[in-house]
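Number of protein chains: 2
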Amino acid sequence: MKHRIVYQGIPGAFSHIAALGHFGADNTFSGLPTFHEIFARIENRQADYGVIPLENSLAGSIGENYDLLYKNDVSVIDEYYQPIRHHVLISKSPHSDKTIGIQNIQRIYSHPKALEQCIKFFKNHDYIAPQAYNDTAEAAEYVASEQRTDIAAIASKEAAELYGLDILVRDVQDNINNWTRFFIITSVHPEPDILVHDTVYKCSIIFTLPHIPGSLYDIIGIFANAHLNLSKIESRPIHGKAFEYVFYIDVEFHSHDYALIHKLIRLCSEMTNEIKVLGYYPKAHIKNNF
Amino acid sequence: MKHRIVYQGIPGAFSHIAALGHFGADNTFSGLPTFHEIFARIENRQADYGVIPLENSLAGSIGENYDLLYKNDVSVIDEYYQPIRHHVLISKSPHSDKTIGIQNIQRIYSHPKALEQCIKFFKNHDYIAPQAYNDTAEAAEYVASEQRTDIAAIASKEAAELYGLDILVRDVQDNINNWTRFFIITSVHPEPDILVHDTVYKCSIIFTLPHIPGSLYDIIGIFANAHLNLSKIESRPIHGKAFEYVFYIDVEFHSHDYALIHKLIRLCSEMTNEIKVLGYYPKAHIKNNF
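Protein chains in written order, with numbering that gives the first Met the number 0: chain A, 0 to 289; chain B, 0 to 289.
Please keep in mind that the hints were generated in silico from the structure rather than gathered at the bench.
Remember, predicted model here, so these are calculated numbers, not experimental data.
Check before you lean on any hint, since a few could be wrong.
No copy is singled out in the list; a pair is fine if it fits within one copy or between any two copies.
[Stated by the list, open to error] Computed list of lysine-lysine pairs in BS3-like fashion (alpha-carbon distance at most 27 Å, straight line):
| hint | residue 1 | residue 2 |
| --- | --- | --- |
| 1 | LYS112 | LYS231 |
| 2 | LYS112 | LYS122 |
| 3 | LYS70 | LYS231 |
| 4 | LYS286 | LYS91 |
| 5 | LYS1 | LYS91 |
Chain A on its own, in the form it takes in the complex (with noise of 0.2 Å):
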């Protein structure tokens, strides 16, 4: 059977590749204009799973989704990490016998969060113009539709296979460290009885706390007395509450321990205002694809 999978973007979007990534191609993309749409679509029961960046190891995380999760009824079921790859993109020499080459380019269109990511490439090619676009897909679509041969995208693989497009210069960007977080969300709440056996799960879970000393050290002094490892946490301001905050934690388990998080769990709603547990999923691994 099908699902019905949404991403943000258009094909081609980092969104849409770990969407790929993850659920497979013989299923039923959809990108959206906003992460809203997302959460709207999920708890419409339009669509069957989510897929949101979370974080970014070089831009850090994305405060948008994290409010979001907090704010609607979702359920996270697995987690994705997916390696960025920037490479310069020009259409197809109309003539194949006429190559193209980098000294012919004299803009490159780009997220400028991409853009940002290759200053190295960008100062070794000085005559280039980087240009922003709304999307490194986006920017794709539009250097194949324009059909010139003095202008390139800098987006992925993916994007050059979809629209068409040759790579001229692979890998320029700076950090080959660039990879970003992705949730996967849907509606149902599948709490699970019995987890993969022998396998290292997270938990994640956002919280409010009272206005106590100490009270985030009693909350972590919960999970440090089991020894169980928090794998991240992120405060955030909640909005229109000048310095009150949200915390997020991912906390890893081993299935064997399930029983104890959930033990763990009922311990620290009795030390929240509000705590909301997002879901329980294996923990996933970097895949290195150079």
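Start from chain A and add chain B according to the hints.
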């Protein structure tokens, strides 16, 4: 004496506005293309102070600057909260009797993040095409240079003043709780002997931990047991080391506890792999400029 102050972007960018707000106009301000160059100018003593964004209340943390603070030898001497307000800016009408209305506008230029923060405005004016630009202030400069009646920029009122534009629609951002937190950095390491009397300070600390369960708990406990509040906590991946983290915390303390905070940091340094005190600075407040 005038200070040499560097920020990322061009005049009218929010970093420039924050720099002006913190230091006052009677200084020398230089916009630089990248955050990396701000740190280089500070370390080389080619500038006295740098103004860098750390976190936006909606978009999230700016990972690159956390990483640059971790890697470079600078001190944080102040924080500054800049409210972010987006306005639709148009060219001044050459004929003062002819008024441009929003119905005349066909295209609006701005940074993609700013465009994303004005979704309701674009839904209510769906005949207007949003168009990405490198920066809000650069979009304002571009609109000013074009002198057309059918294009506009979304940028700050300071950008309107600098580039001679009119404000057509004020406050088109979806969420008014939109602010960016900036750090003021310098190469001097002014470890003050005495802090300003009777003032709440923050101390920002970056550290990495040994792979021992509960090590984060122990660090947080040092401050919790002294009844000091953490106003910020964040874990960031260390580049090139998959699943190793650097932790970033802000500790609030009263100026009369300055000796205590030194003692606590000495305790921390015995339990961390690496530790770096970024600086001590008075706690700032979000100024509501509506």
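Cross-check of the supplied hints:
no.	hint	in the structure
1	LYS112 with LYS231	both (23 Å within a copy, 25 Å between copies)
2	LYS112 with LYS122	both (16 Å within a copy, 25 Å between copies)
3	LYS70 with LYS231	both (20 Å within a copy, 21 Å between copies)
4	LYS286 with LYS91	neither (30 Å within a copy, 53 Å between copies)
5	LYS1 with LYS91	neither (33 Å within a copy, 54 Å between copies)
Hint compliance for this structure: hints 4, 5 are not met, and every other hint is.
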